[in-house]
Each structure stands twice: as structure tokens, then as C-alpha cells.
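Protein chains: 4
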Amino acid sequence: MWFTSDNAGPVAPEVFEAMSRANEIYSSSYGADPIMDRVRDRIREVFEAPDAAVYLVATGTAANSLALASMVQPWQTVYCHRHAHIQEDECGAPEFFTGGSKLVLLDGKDAKIDLASFQQAVANTGQVGVHNVQKGALSITTATENGAVYTVEEITALCDAAKTNDIPVHLDGARFANALVRLGCTPAEMTWKAGVETVSFGGTKNGLMGVEAVILFNPDRAWEFELRRKRGGHLISKHRYLSAQMEAYLTDDLWLKLAKRSNEIADKLSKGILALPGATLLHPTDANIVFAGWRRSGHRAVQKAGAHYYFWPFDQMLEGDDDEILTARLVCNWATTDEDVDNFLRIIAE
Amino acid sequence: MWFTSDNAGPVAPEVFEAMSRANEIYSSSYGADPIMDRVRDRIREVFEAPDAAVYLVATGTAANSLALASMVQPWQTVYCHRHAHIQEDECGAPEFFTGGSKLVLLDGKDAKIDLASFQQAVANTGQVGVHNVQKGALSITTATENGAVYTVEEITALCDAAKTNDIPVHLDGARFANALVRLGCTPAEMTWKAGVETVSFGGTKNGLMGVEAVILFNPDRAWEFELRRKRGGHLISKHRYLSAQMEAYLTDDLWLKLAKRSNEIADKLSKGILALPGATLLHPTDANIVFAGWRRSGHRAVQKAGAHYYFWPFDQMLEGDDDEILTARLVCNWATTDEDVDNFLRIIAE
Amino acid sequence: MWFTSDNAGPVAPEVFEAMSRANEIYSSSYGADPIMDRVRDRIREVFEAPDAAVYLVATGTAANSLALASMVQPWQTVYCHRHAHIQEDECGAPEFFTGGSKLVLLDGKDAKIDLASFQQAVANTGQVGVHNVQKGALSITTATENGAVYTVEEITALCDAAKTNDIPVHLDGARFANALVRLGCTPAEMTWKAGVETVSFGGTKNGLMGVEAVILFNPDRAWEFELRRKRGGHLISKHRYLSAQMEAYLTDDLWLKLAKRSNEIADKLSKGILALPGATLLHPTDANIVFAGWRRSGHRAVQKAGAHYYFWPFDQMLEGDDDEILTARLVCNWATTDEDVDNFLRIIAE
Amino acid sequence: MWFTSDNAGPVAPEVFEAMSRANEIYSSSYGADPIMDRVRDRIREVFEAPDAAVYLVATGTAANSLALASMVQPWQTVYCHRHAHIQEDECGAPEFFTGGSKLVLLDGKDAKIDLASFQQAVANTGQVGVHNVQKGALSITTATENGAVYTVEEITALCDAAKTNDIPVHLDGARFANALVRLGCTPAEMTWKAGVETVSFGGTKNGLMGVEAVILFNPDRAWEFELRRKRGGHLISKHRYLSAQMEAYLTDDLWLKLAKRSNEIADKLSKGILALPGATLLHPTDANIVFAGWRRSGHRAVQKAGAHYYFWPFDQMLEGDDDEILTARLVCNWATTDEDVDNFLRIIAE
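Residue numbers (the working numbering), protein chains in the order written: chain Z, 31 to 380; chain R, 31 to 380; chain X, 31 to 380; chain G, 31 to 380.
Please keep in mind that the hints were generated in silico from the structure rather than gathered at the bench. Any given hint could be a false lead.
Because identical chains share one entry, a pair is satisfied inside a single copy or across any pair of copies.
Taking lysine to aspartate or glutamate and the DMTMM-like style, the derived pairs with C-alpha atoms no more than 20 angstroms apart in a straight line are [to be verified]: (1) Lys298 / Asp196; (2) Lys165 / Glu256; (3) Lys165 / Asp119; (4) Lys298 / Asp370; (5) Lys287 / Asp345; (6) Lys290 / Asp353; (7) Lys165 / Asp345; (8) Lys193 / Glu380; (9) Lys223 / Glu184; (10) Lys139 / Glu47; (11) Lys139 / Asp353; (12) Lys223 / Asp196; (13) Lys223 / Asp71.
Computed from a prediction, not measured in an experiment: that's the story for all the values here.
With these hints in hand, go ahead and build the complete structure from the sequences.
Listed below in C-alpha cells is the structure:
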């Protein structure tokens, strides 16, 4: 019963096997391995984007920061939701990599950016010319930090508003696969067809050991991206092990299967909690994260039984009135078992 | 016959097995895994440094840059050899992470810093007060980029000169183990006992998949280092797989065995080449890298037979006079076989 | 009738004369001039701070950015009002000089920071350890961008809350003198006695040609400040001309006389407008800036007569219904004449 | 007898008068003053460059750093002489403004860059692709830090070599006028006709209070330059006083007259010293700086008589053998009198 984060979970066996196979050969380092050639081709195929530039890095923070740094100048803004990972959970990495771009914080339900909030922020940017920071990039996240998924229409509307203002769009897809299988659309529809220019295509939270791809549908900045990656210490020498992970991920739709599984088990958990008396849902369970509330006595019992998860917000206390509703974040992953969820639900129901 | 780099070689089987074991458990992420607790203890034990702060990152460039950034201010210098990896092969990563420190380039044979060159550079620093960049840190590398190894006395002499000027010392130990087994001293003797404050303790070039430890013998800057690591995108979420690699590395002296093996096979290769008529050695074969020259006809034959390595310098040509001596860099690793070396030597001898 | 900004006005004659006198001598450059020695002493005397470090720069943006950069690390926050000059009007200079600190935006009436808003923001900072940016400095501005002046009690309350959290306080005093004469307190009471650590002590908006002092009541960071100033290109070679301006400013209370005059004429303008039918005041006229609204027909008439000022907000239009109230920002300076104000009032009253 | 630096000298009276006149009017701030419009036109005329972008800043370090930052990326080099002001005397300002570009140091007599040294450095840049910093800009200085002046042919040869490698050229003209009057060519011939793209056109060392123009013959980066200037705190609010200085400077060839005078008086000083027994010249006196050696007894006498200048190198001592030759740097300025020089020469001759 480990629900702290999707990155607490294991690596998929297919991925481990691919790394083992990569260990049997010598290979050029720093991304010049033959597996990476196949990965590049495969991602271009999956995204229907034959000209896309494709790179691998080991962390989501690196993926997001390098992507953004190649899209904005230091004196430009990055528009994002006020609860975006790049704003709240990366210790200022975007500011570091961009050379000090200003993150402009937007509002919206379930950590999805409200179109009007974005438009207002853009209208407010750069009104006094050189005295102000200038319009930069928009960064959206799906599935969001609150477990919600943008519809293709919502992404398109934001991208259209961005395009009108010459603002390129970045998509933080740390949970890209979870969002995609929820929507049932194609990767292209969720990205470049909607107007997205650069994608952080996550793998680590969905069964890889530590690989995120960055996909630049506009390859003009590809060389700059490569230099920034190297200069940021994010060009991996034994790169073939990253390539191997990503290749396994994209083989036989493994990435979709894993995401589908983690979404389904989250659905089950979410519904199970909601069935309890007094239970609440803070955000829709669109992906693999459940934000829900139930009685304190249930929290006490399940934590005593060894469940790991975070209160949401953090500062709630196990001590107190049994009947009070405490809220929590529960993250499922591809390996979360039905047994785990059944146990969890049984215990909190007492 | 793959001698391009130690990072072209495979991961040691013990390391793979350790990662597999780490895959069987759930674990806290971002370095809070129990394996990391054991790694920290083990490194403190190995280095006889009970208070040292210990961190893992995935690349040598990250290790060096983060270490240096926590040791110097942006307006201070980093003294290093003009052929240091941080100067020549990291695309300016030290400048990026430090916020623009100036690398002051020193001379010395075999990429080992000459004491007088360092002392002269220090004497020249900051003579006109606020108009100049100020004295920062010294970074030395062992084994050097030319495959040479500093004696403990040489390290001590540089550290003493640094200490006199309040200059902290960083050791880039991408090939730490190779240097250590050559010297036959203890890790403590090669580092903090000689005056080194921070070490990049390499693993990737010596049989790991991608892990370098940074060891801060002065833990005052530990929290700053942690923040810089996160902000640089170098805090790995599924950190237990890094911990597992490092734990295996330090178990049963695996790290020393692997380094000993790669040094020995390099010795054999070096001696074999030198035995040829006209052959030359550019630098001493102290560690696992051979810088040697032999007849062009031998290069032609061995490359035709599938050997991979780089000319050194790069701009030499296979076409030309058979008897001319062309020089090359040959890097061995723990998995380099006697058969590979025997074949190589046989072919270049014709 | 020129009310666009206080920096559209002239330099006080006493200041010009001081620069002329400075032109009669040779002098050491870069701040080593004897006039600067006197300025340093005088500022320490005026602020009752015998140990303060005192530096001059040519712009308010330099003063603020260098002050903040010497107070925070790149991974720390700068708390400020969302309408602070450092947030809105410096093109991201604080981010540039600090190496990418995140400005955390606070609320409050008349651009004065609300204590609760600050406390809430501090409570929200760094809750998840290394994943978050860390608590840095608080920057307050008086007189504010909306022409309001903090009471000593308000400054003290903010500083107390900051101190509880080890947060040093910066005061942007671009209009320091205007605030001071309004309060009638001593410079010490408005700054270090209330808990302020570093002050941007403005002169340019109050009759100088281009000089701001930065006063560090905590001189521990003085040398760092000097290096940052030089590295930022803000150490002026012919520094004696800056020193001369500041000396004149502080001689015979010139700075207080000039500020008193500009406050008084702003009061007169403010009251005159408010006396008109339908007129409104957006913010209190605490200093030398009037934020007021009056009938569009009055705007039309006075702009036709040659008055210079900005609508506030900018996007109001001269065309339209005569009776609609349009709002404007009117900045007085020491040289604004009664005649100018009388004319202005007469015309807008029709 | 004040020869420490040209910036120890006074401001030309014509310049002071122009500032006084500027004080009689109200004016838009931040460079939107009508005087700046005239300055821009005049500089374009003087340089025969109708499309050039022209900006004013208050310091040479700002001019150089902002110019370079708009010409190179953080991962690119700045090639310069190892004794260039940007390398030795700006506390790392170029690294700060460029975001960490690496200065590659070149050799050459009298601080003039040797063509072969530049070509070799360029050939060595970026040989290993993404692992290396990439080719950036070339920065040359005339008159050099050693008082030498490049011929137009020398500038052209460097620019040609740069152009072949797509390397834009910056000219640090802190003593532009001194170089120009020595050559007797046109400003266009010394700059864009020779291949220079951006010029720091100095005024401060030649009779202004504190103004340098930056001239971008390629205006494509003009808006970026403006943003960098503002973000660097170098956009002066009461800009008209800078404009007024520069206008006076360019009126009736004042700038050329002042430079001619300081060159001539330096010639006289140089020749006078060389006529002494044992005297030496370290560098040619091409501009307004004399690098010369004479007997210690002469140094002792003249310093006792109140002369101000620096030993070159700094670490020479007044105590010691009378007959030993000590070397010094003597900087003349437009206001250096014949009487000063005559006295100086008389005293050192005893």
C-alpha cells in the first residue's frame, strides 16, 4: 500500500530486460548509440512527426527546464499554472536554466490553466516596453499536478491564444501516457496538431528507471538544445541504457498498457473511497492520482496498517476527532495491485 | 577491440544484479531510500570520514560542476589544467553552474598541474582589488585526461599551496579508482589527508551504468549542494537504482577489482605497443588509458579489422606514408579482454 | 505642466554647482575620491549608523538589484508587492542579478504589503524541503509605487515577521525623502531601528542627476556588494561627480527641502482635483504622486493645453463621453511650480 | 602631475555647458529625449552608417559587456587578448552579462592580437562538437591597454579571419578617439568598413563625465540590446544628461580635438623620458599612454614632488639602487598641461 508517488514504484520487467540486452554490446556513448537511432525513429512515428528532434534526459526537471530554456530568453516570461511542477517543485530550476525568466502564475481549476487567466496575463505583459519582461512561452501540464487531464479542445484553445501572441507552447507530460489513454486520442492530436511545440514526454513515472524524452516539433532549436543539455550536465555518457529503456517503453504499446493499468486502478480506488459515508473528492480522478477525503479514523487505521501516502495539504494531523474528514493524495502506478487497493479500501471503511 | 572510451564498455554484472534487487521493493524517492543510507555509511567508512556529506548524481559533469559551484562565488576563479575535462569537455558547464566563474588555465606535463604554474597564477589573481576576479578553488584531476596519476606528494604540495591562499581544493576523480590502485594508498590519503575538500568520486567509467558520488569532507556546504543539485535537475527521483549501483560498487572491493583489471590490461597494451619498432608513448600509462604511436600501416590494418579508437590529436589521416608514426588514445575498461589486446597487438605488428 | 515622472524634472542648482566644483580637481577614480569619504561619513551620521557600508550607483534598478543579490541566494525567494517596481518595471533585473531568484508576489492596498499576505507566503515557502525555493529576503518600497507611505509601525511589523523567519529586509527608497518628510521621523527610525537591513536611498527622483546610495547596515556583505557592483558594470570611473551630487544633497538638508516641496505641491494638486465634481482619488497622496480621476472633458482640455502625464491604467481613451471619469497618475517634483498646478487645475475645471 | 588614469582628469567645459542647457528643460526620460534623437543622427553621420543602432550607457564595462552579450550565446567563446580590459579589469563582467561565456585568451605584442594566435584558437574551438564551447565573438581593443593602436590593415585582417568563421567582431573603443586621430582615417574605415560589427565608443576617458555609446552596425540585435541594458540596470532615467554630453562631444569635432591634445602631450612626455640616459620604452606611445622606464632616483624625486602614477608592473619598490630602471604607466588626458609635463621631465632628469 504505497501511494506516495508513482516514482516509488518499480521498473517494468520489459524495461529491465532491454537494459540487460544493451549491456551485451559495446556502443558509442553520448547518444550516438544505434538504439537511440531506433528510438528517434519510433518517436517520430508515434507522434507522426518525421522532422521532430528527439532527446533523452534522466529527469523531468531537466526535460522541462532545458525545453523551456530553448524556448525563451532570460527577459521573457514563462506562463504556467500557479501549482505547476515547474513553479512549485523544481527549486527554481526553470529560472536557473533560462537565465532568470519570470514565471507568471495563472489560475484555473484542478491545476488546469483557465483560458481567460492566460489571456489576461498576456495582455498585462510588456505594456511599458523595455521596462517590462516580455512575452515568452506557455507551459501546460497534462495530466496536471492535481490529476486532471486537459481535453484536446482545451489544449487547442490555449495554444490558439498563445499563437495569436507568438507564444510557443511547452507541454509537461510527466504523465503524458496517463493523459493520453484517458482521452483516447493520438499523441499527435494531443500535441502538435493542437499547437504544442515542445513536449516533455515522461517515462519515469510510468515504469522506466529514469528517462524522459524531449520532443521538439520545431527542430530549429535542436542544436541549441543539445548544447544546453551538455552544458547542464544532462548528456548521459552510457546513453544506450536510456535508449534501451525508451525503446522497450515504445515497443508493443508497453507505455500505453502501463498507463492504462495505473489509471484503472486509480479509478477503482477513487470510486471505492467515494462510496464511503462523508467521503469527498478534491479533484477528478482523470489519471493515476486520487485526491480524496475520508474520516480521520480511517486514516489512522490504514496508516497503522502500513499504508504510505501524503496528506493534502500536508499540515493535517492524525490526532483529533474521528469523524473529521482529512484529505490525501494517493498516487497509483502500473504495479499497484488490486489486493493493495482492496485492502486499503477495506481498512479505511473499518 | 573497442578502445574509444571507458564508457563504451558494459556495466559489471554485480551492479546489474543490485539494480534488479532494488526493483523488488517500493522505496521513498529522491535519495531517501534505505540503500542510500547504507551507501553514505560505506563511503564514510571507505574514506575514513565520518562527517562527510555524500551525494549521488548521474554524470561526471554534474558532479564536477555542482561541486565547484558550491565552492566558489561567480566572481571567483577556478584554477585547473588547460587540458582539464572541466575546461575542454563540458561545454562550459562549470561556468553555467557557478554563475560565470573564470577558469584560470595552468600548465604541466601529462595534464598534471605544475606547482609553480599554480603559484604564479595565484600570485597574479586579484592584484587590483575589486577590478579583478578573486581567488576561488583549485580543481585537480587524477587520473588525468592524459592517463597520468598524481603521487600523494604532488597532491599534497598543490593542496598546501592552495591552503596558504585560502583556496579550497576539488578533485575530479572520474577515474579515482584507477589512480588509487596505481598508488596503492588509501582513499583518505589521496584526498582529505592530502588537503582535498571535495571529491567527484567516479563510478560510470569503472563499471557502473551512470553514478558519480560527490563527497564533501567539509559538510558546511551540504545543504547548498542539495539545493543546487535539485535546481540543476540532478536529483534523481528513482534514486534507489543509483544507490544500488554504488552499493554494489563498494561491496567486496568491486570498485578496486574493476580498476585493477582495467589498469593491468592497459599496461599490457601499452607495453605491447612500445615493443614495436618506432613506437612511442605520449604519456605514461599510469591508469587505464594508453597514449601511443605506431606505424600508419598498423593503424590501417587494425582499423580495417574493426578496432575503434581515436587518433590523438584528431586530425591525423589514415592515408599517407606507411612508415609514419600516428598517435592514438586507447582506453581500456574492466571488460577489455586479453584476447582483444592480443589481437590488436598482433594486427598492428603485422 | 509636466507630470509624467519625477525624473522628467531638472537637477537642483546646488547639485550642479557641486559637480562643477568637483571638476576643478584631479581625483582618484572608482570611488576612492575624497568627496566619497565625506559622503560616507555624512550618511552614517544622518542614519545614526557608524558601521554602515555606503555605496553609490547611477540607477535605482542597479541599487535594488545589487542590494537584493547580496541578500539572497539564487534558490531563495524575494518577497515583494505585486506592484513593486522590482517586479513590474525593471525588466527582470532582480532575477538577472540574483542568478534567478523567484519573486513571490504579495497583496496589499496602495501597493503597501499586507502583513497577513506576507506571513501566508512565508508559511507556504519551502514546505517540501529541497524541492522548493527557500525563504530569502523581503523588499518593501516607501513611498510605494502608488504614492503611499508606510508608517513606522507598519514597517516594524513587517520586519518583525521577517526577523522571526530569518528573512532580511530591503527597503526600496527611490522616494525615501518623500516618505520621510511625510512621517516626520528620523532616517534611523524608518530603517534599521524598524528592522531594515539594506536601503536603496534614492536621489535621482528628488533633484539629483543620477545617484542612488545603497546603505548596508549589516556590513558583512560589503565586499561582496563591491564585487557585484563592479561585475555589474556599476562602478563609475569618474565617481567624484556622483559623490559631489550626494554631498550637495545631504548638505543643509537639501534632500529634505526638495522632498518637502514636491510633497506639498502634490498635496495642492490632489486637493484641487478632489474639489471638482465627480473627482476621485485612487490612492492617498502621501508623497509626491497623485492618482486621481476627473471628467474626460477636463483631460481633453488639459492635454490640448500641453500637459504631460499618463492615464492610469494606460488603456483609457481621450475619445468618448465627456462626463466619464478617467484616471491618471500625476507626478510632481521639487521644481513643479504653483503656476503649473494652478493652470492645470483651472483648465480641468473648465 | 596626475598620470594615474585618463579618468582622473576633468570634464571638458563644453560638456558641462551642454549638461547645464539640458537642465533648463523638462524631457522624457529613459532615452526618449530629443537630444538623444540628435545624437543618434550625428553618430550615424560620423560613422557613415545610416542604419546603425546607437545607445548610451554610463560605463565602459557596461558598454563592452552588453555589446558582447548581444553577440554571443552562453556556450560560445569570446576571443580576446590576454591583457584585454574585459579579461583583466572588469571582475568577470563579460561572464556575468553573457551568462558564462568562456573568454579565450590570445597573444600578441603590445596587447594587440596576433592574427596567427587568433586563427589557432579558432581552429581549436569546437573540435569535439557538443562537448566543447562553440565559436563566439572576437573582441579587439584600440588603443590597446598597452597604448598601441591597430592599423586599419591589422583590424581588417583580424575581421577577415573572423568572418571566414562566422565570428562577429566587437571593438572596445574606450580610447577610440585616441586611436582614430593617430591613424588619421575615418571612423567608418576603422570600424564597419574593416569588418567590425559592434563598437564601444568611449567618451569618459576623453573628457566626458561618464558616457559611452554602443554602436550596432547590425541593428538586428537592437531590441535585445535595449532589453539587456534595462535588465542590467544600465538604462539611465535622466538620460538627457548623457545625451547632452555626447552631443557636445560630437559638436565641432570636440572629441577629436581632445584626443589629439592628449596624444600630443603623451608624445611629448614619451620623447622627453626616452631622451634620458638608460630610459626605455615598454610599448609604443601610439595614443595617450606612456609605458616607460627611467632611473629609480628619478622616480623617487618626482613622486616626492607630488606626481601620481602607477609602477608597471605594480610590485616595484621605491627603495633600492638609484640607478636601476623602474618602469611605469603614465596616462595623459586632454587637460594635461605642458607645464605638468615639463616639470615632470625636469624632475626625473634631476
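Hint-by-hint comparison with the structure:
Proximity of Lys298 and Asp196 under a CA criterion of 20 angstroms is satisfied in neither setting, with 42 angstroms inside one chain copy and 46 angstroms between copies. For the homomeric pair Lys165 and Glu256, the shortest alpha-carbon distance between copies (15 angstroms) is at most 20 angstroms, but the shortest distance inside one copy (24 angstroms) is not. Taking CA atoms no more than 20 angstroms apart as the test, Lys165 paired with Asp119 passes between copies only; the shortest distance there is 14 angstroms, against 23 angstroms inside one copy. In this homomeric assembly, Lys298 and Asp370 come within 20 angstroms of each other (Cα to Cα) only inside a single copy, at 11 angstroms, whereas the closest approach across copies is 56 angstroms.
Within a single copy, Lys287 and Asp345 get their C-alpha atoms no closer than 35 angstroms, and across copies no closer than 49 angstroms, so neither meets the 20 angstroms cut-off. For a Cα distance limit of 20 angstroms, the shortest separation of Lys290 from Asp353 qualifies neither inside one copy, at 34 angstroms, nor across copies, at 63 angstroms. Taking CA atoms no more than 20 angstroms apart as the test, Lys165 paired with Asp345 passes between copies only; the shortest distance there is 19 angstroms, against 36 angstroms inside one copy. With identical chains, the CA atoms of Lys193 and Glu380 are never at most 20 angstroms apart, being 53 angstroms at best within one copy and 47 angstroms at best between copies.
Taking the shortest Cα distances, Lys223 and Glu184 sit within 20 angstroms of each other inside one copy (13 angstroms), while across copies they are farther apart (53 angstroms). For the identical chains of this complex, Lys139 and Glu47 are neighbours neither inside a copy (41 angstroms) nor across copies (45 angstroms), given an alpha-carbon limit of 20 angstroms. Proximity of Lys139 to Asp353 under the C-alpha cut-off of 20 angstroms is found in neither arrangement, the shortest distances being 28 angstroms within a copy and 40 angstroms between copies. Only within a single protomer do Lys223 and Asp196 lie at most 20 angstroms apart by alpha-carbon distance; the minimum there is 17 angstroms, versus 36 angstroms between protomers.
Proximity of Lys223 and Asp71 under a CA criterion of 20 angstroms is satisfied intra-copy only: 19 angstroms inside one chain copy versus 48 angstroms between copies.
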